[in-house]
Amino acid sequence: MTEQIKKAPRPPDPNSGKYKLDYIANKVIKDAFEAKARGEKVGWCSSAFPKEIIETLGIPVVYPESHAVVVAARGGGQRMCEVAEAEGYSNDICAYARIAIAYATKVKDTPEQNIPLPDFLLCCSNICNTMINWYENLAKELNIPLIMLDIPINPDNEISDAQFAYVKGQLLAAIKQLEELTGKKWSDERFKEVLKMNKRVCQAFLEVTSLGKHVPSPYSGFELFNLMGPMMFARQKAETLDAIETCLKEYKENLAKGVSTFKAEEKYRIISEGIACWPWLRVTYNGLKNRGINMVTTIYAVAPGFLLYDDFDGMIRASCRVPMAINLQTSRDDRVKLIKGSNVDGMLVHVNRSCKVWSGFLYEMCRQVAEECNIPVAYFDGDQADPRVFSEAQYETRVQGLAEIMESRKGDVKA
Amino acid sequence: MSNTQELLSKFNSIATNPSKQKDAYLAAGEKIVLTAPVYTPEEIIHSMGLIPMGAWGGTLPLQKSREYFPAFICSIAQSILELGMNDAFKGASAIVIPPLCDCLRGLGQNWKYAVPTIPFIPMSYPQNRANEVGIAFCKAGYERVISDLEKATGARFDDTELAKSIQIYNEHNVVMREVDKVLATHPEISAAQRSSIFKSAFFIEKGEHTVLVKELLDVLKHISSADAKKIPVMTSGILCDAPDLLEIFDRVGLQIVADDVAAESRQYRTDAPGTTPALDALAEKFSRMDNCSVLFDADKKRADLIVETAKQRGARGVVIVLTKFCPPEEFDYVIIKKACNAAKLPHVMIEVDRQMTNYEQARTALETFRDVLQD
Chain C
1 MTEQIKKAPR
11 PPDPNSGKYK
21 LDYIANKVIK
31 DAFEAKARGE
41 KVGWCSSAFP
51 KEIIETLGIP
61 VVYPESHAVV
71 VAARGGGQRM
81 CEVAEAEGYS
91 NDICAYARIA
101 IAYATKVKDT
111 PEQNIPLPDF
121 LLCCSNICNT
131 MINWYENLAK
141 ELNIPLIMLD
151 IPINPDNEIS
161 DAQFAYVKGQ
171 LLAAIKQLEE
181 LTGKKWSDER
191 FKEVLKMNKR
201 VCQAFLEVTS
211 LGKHVPSPYS
221 GFELFNLMGP
231 MMFARQKAET
241 LDAIETCLKE
251 YKENLAKGVS
261 TFKAEEKYRI
271 ISEGIACWPW
281 LRVTYNGLKN
291 RGINMVTTIY
301 AVAPGFLLYD
311 DFDGMIRASC
321 RVPMAINLQT
331 SRDDRVKLIK
341 GSNVDGMLVH
351 VNRSCKVWSG
361 FLYEMCRQVA
371 EECNIPVAYF
381 DGDQADPRVF
391 SEAQYETRVQ
401 GLAEIMESRK
411 GDVKA
Chain U
1 MSNTQELLSK
11 FNSIATNPSK
21 QKDAYLAAGE
31 KIVLTAPVYT
41 PEEIIHSMGL
51 IPMGAWGGTL
61 PLQKSREYFP
71 AFICSIAQSI
81 LELGMNDAFK
91 GASAIVIPPL
101 CDCLRGLGQN
111 WKYAVPTIPF
121 IPMSYPQNRA
131 NEVGIAFCKA
141 GYERVISDLE
151 KATGARFDDT
161 ELAKSIQIYN
171 EHNVVMREVD
181 KVLATHPEIS
191 AAQRSSIFKS
201 AFFIEKGEHT
211 VLVKELLDVL
221 KHISSADAKK
231 IPVMTSGILC
241 DAPDLLEIFD
251 RVGLQIVADD
261 VAAESRQYRT
271 DAPGTTPALD
281 ALAEKFSRMD
291 NCSVLFDADK
301 KRADLIVETA
311 KQRGARGVVI
321 VLTKFCPPEE
331 FDYVIIKKAC
341 NAAKLPHVMI
351 EVDRQMTNYE
361 QARTALETFR
371 DVLQD
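Chains C and U supply the protein sequences, listed in that same order.
Just so it is clear: in the first sequence, position 224 is 224 by the working numbering, and no numbers are missing.
Just so it is clear: in the second sequence, position 154 is 154 by the working numbering, and no numbers are missing.
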């Protein structure tokens, strides 16, 4: 019997972009734990709530969606979902919500990652209506205050004056509520600084995402997922700017050298649609890599870079324009723009059982995108955090089918 | 005066033949505007001389709608789209769809492409509704609906006419609340008959429905209630109108004495104030609405309301009729369950959807529940 000799993992380079990104992700949670220990109130916040408000006020918050991602990616998704299901939550409910409710109301300590329990909640409905139900239940079960920012889906292509006024009125009220709840004070000067940093980070991030247009791409698009966390919950911080700029530098160097972090020959380039299948991230990556398919862009990872503005009103407009708050036409046009700017050969769509809002008009949107861009589309079933929904065999078959169509379109099919 | 059975047959005929109702209105030269779940400003549609007609889906195989929806989207949204794609709504001038849940969001967007012959009119309601900005946003949503209705139908809006329609709707609310109470004292009325009284309201002009319900109330006054041999229960959910399910209630001896069903009593809990402008009054009405899974409420007062109502009506248990793939109801279920447990109010949950043809599991659950309540 041959003994396998495993290589010792290379120690992380503290000057690398990856190290810096991981550091930020951990620091947000560490800071929140420390704030809690000092007696400060810590919030749980939905990912699309305007962070500039929180950063300006200096309120410690953590993000249950992000926590659910870590739990799911590290193998705890099913265990946590089952805890929620035992309490009566249907397995049909968003798995992020099931994990968060299980953690907050029952488990409170997970081997994958811990976050401080909330003293209050900040919900924003611009992602989905499920977010409202999820945070309502947390508020009721934990008996803590819930500040709700409602941003309904915009049925039109432009943001109406009525929607703008509604959101602005709520935001001003939310700031007042947060001041009363935490004792922290709003500062216009601090807000300006926060916006400046936010803009610089978004610009650097967009530059990173734009590098995917090069053939071959200097990175595997799966690496954009590493940037997403800090972009979602720490894009107003100087260390995030440093981390994103470091990544940018590394990718530019790759480009200059003609190398990539994508560990295969880039035969095909695709856009992926939908939230990542976090419990099966390695499997979904390998299924592509083994066929020379590089996912070079996705609205899911790129969207945080769109949150770029100069003032309070701009922040409101951007919050009304996040991917899940817009209609089918605007959603389609966003994808078409990405595809046309990224030399994409095909589209791989995650039909995500957890996400009814994303799945609701997914088929029609993808049909229109495929027609407009003349690219093939393949679908696979999965879930953002519940591993039970995914079938590796189905995924392999669908990806293989997509690869074959992309190959045939290149005119290289052998008889 | 009609007798009870004649009236109940009339309600049943209307409830089970929406196409016939639609065709009759169209033949009479009326214009029909479809109204999707859960709330729409019917008063506006009515005031413009149009007939609002409920579109809450139906029991039918889902085929064409599968091109638009994955299987895990609620069957109400899917079957509404299926009916639209099958031309079941042919002749309707428009459909109003409020994006009050994630499935309804998808329905509205898909409708534009799947049923292009019937214009989609969105009605964006505020979730933060009981404040100045929420009321203003709600009013702007109504103005958008008015503008779209004018384009789709050629009808014109007039605030004075709206005030009249609000009166008609408020009166209808009153009689529906009244009939709900009175029916609780009439176990001889079957669950299916009770359902038809509520369901028919979606397919007939509200003033006409009020007349029918008043007639029923009048005849019921003169009938002494049969001996209460059935066990009184309360229902909760989005829908409880499947004939096979309703038959089980009667077969196993359960009487619905109150409900928290979105397609039933939830529609009639809140009146618009009689103030002017009437459009402001209608926005004020929405700001007062509550106790519903698709309306934001961090206190989840709905669960307490269910417990209170069940106790007031003498219900010995609550039957939660959970529509599959309906997250708002699925989240609320846990809170309702806990509230019932705390109040020592027995409850049972049965899952339903628009495609169910076999209710044997529900029958077993309801039989067992009856046995529990009898003990």
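A few of these clues could be false.
Straight line, CA to CA, 30 Å or less: simulated DSS-like cross-link-like pairs of lysine-lysine [as the list claims (entries may be wrong)]: (1) K340/C x K164/U; (2) K164/U x K20/U; (3) K164/U x K176/C; (4) K106/C x K324/U; (5) K31/U x K106/C; (6) K168/C x K139/U; (7) K31/U x K20/U; (8) K164/U x K151/U; (9) K181/U x K31/U; (10) K139/U x K108/C; (11) K301/U x K168/C; (12) K106/C x K301/U; (13) K176/C x K301/U; (14) K108/C x K31/U; (15) K108/C x K164/U; (16) K301/U x K41/C; (17) K106/C x K151/U; (18) K337/C x K213/C; (19) K267/C x K213/C; (20) K41/C x K338/U; (21) K106/C x K164/U; (22) K108/C x K344/U; (23) K337/C x K164/U.
Calculated directly from the structure, the hints in this document are not laboratory data.
Hints, verified against the model:
1. Distance check on the hinted pair: K340/C and K164/U sit about 54 Å apart at the alpha-carbon level, beyond 30 Å; violated.
2. In summary, the hint linking K164/U to K20/U is supported, as the alpha carbons are separated by about 27 Å, within the 30 Å threshold.
3. Restraint check for K164/U and K176/C: the C-alpha separation of about 40 Å exceeds 30 Å, so the hint is violated.
4. For the hint linking K106/C to K324/U, the alpha-carbon distance of about 25 Å falls within 30 Å, and the restraint holds.
5. This hinted pair does not check out: K31/U and K106/C have alpha carbons roughly 54 Å apart, beyond 30 Å.
6. Restraint check for K168/C and K139/U: satisfied, since their Cα atoms lie roughly 16 Å apart, inside the 30 Å limit.
7. Our distance criterion of 30 Å between C-alpha atoms is met by K31/U and K20/U, whose separation comes to about 14 Å.
8. The straight-line distance between the Cα atoms of K164/U and K151/U is roughly 23 Å, inside the 30 Å bound, and the hint therefore holds.
9. At roughly 34 Å between alpha-carbon atoms, K181/U and K31/U are farther apart than 30 Å, so this suggested pair is violated.
10. A threshold of 30 Å between alpha carbons decides the hint, and for K139/U with K108/C the separation of about 43 Å lies outside it, so the pair is violated.
11. About 27 Å separates the Cα atoms of K301/U and K168/C, which keeps this hinted pair within 30 Å; it holds.
12. At most 30 Å may separate the alpha-carbon atoms for a hinted pair to count; K106/C and K301/U meet this at roughly 23 Å.
13. Between K176/C and K301/U, the direct Cα distance comes to roughly 25 Å. Compliance with the 30 Å bound is thereby established for this hinted pair.
14. Proposed proximity of K108/C and K31/U is contradicted: the alpha carbons are some 57 Å apart, above 30 Å.
15. At most 30 Å may separate the alpha-carbon atoms for a hinted pair to count; K108/C and K164/U exceed this at roughly 56 Å.
16. At most 30 Å may separate the alpha-carbon atoms for a hinted pair to count; K301/U and K41/C meet this at roughly 26 Å.
17. Between K106/C and K151/U, the direct Cα distance comes to roughly 53 Å. Violation of the 30 Å bound is thereby established for this hinted pair.
18. With a CA separation close to 12 Å, the supplied pair K337/C and K213/C stays within the 30 Å bound.
19. Restraint check for K267/C and K213/C: satisfied, since their Cα atoms lie roughly 14 Å apart, inside the 30 Å limit.
20. The hinted pair formed by K41/C and K338/U meets the criterion: a straight-line CA distance of about 28 Å does not exceed 30 Å.
21. Distance restraint check for K106/C and K164/U: the Cα-Cα separation of roughly 53 Å exceeds the 30 Å cut-off, and the hinted pair is therefore not satisfied.
22. Distance restraint check for K108/C and K344/U: the Cα-Cα separation of roughly 28 Å lies within the 30 Å cut-off, and the hinted pair is therefore satisfied.
23. A hinted pair counts as satisfied when its Cα atoms are at most 30 Å apart, and K337/C with K164/U does not qualify at roughly 50 Å.
Hints 1, 3, 5, 9, 10, 14, 15, 17, 21, 23 from the earlier list are contradicted by this structure; the remaining hints agree with it.
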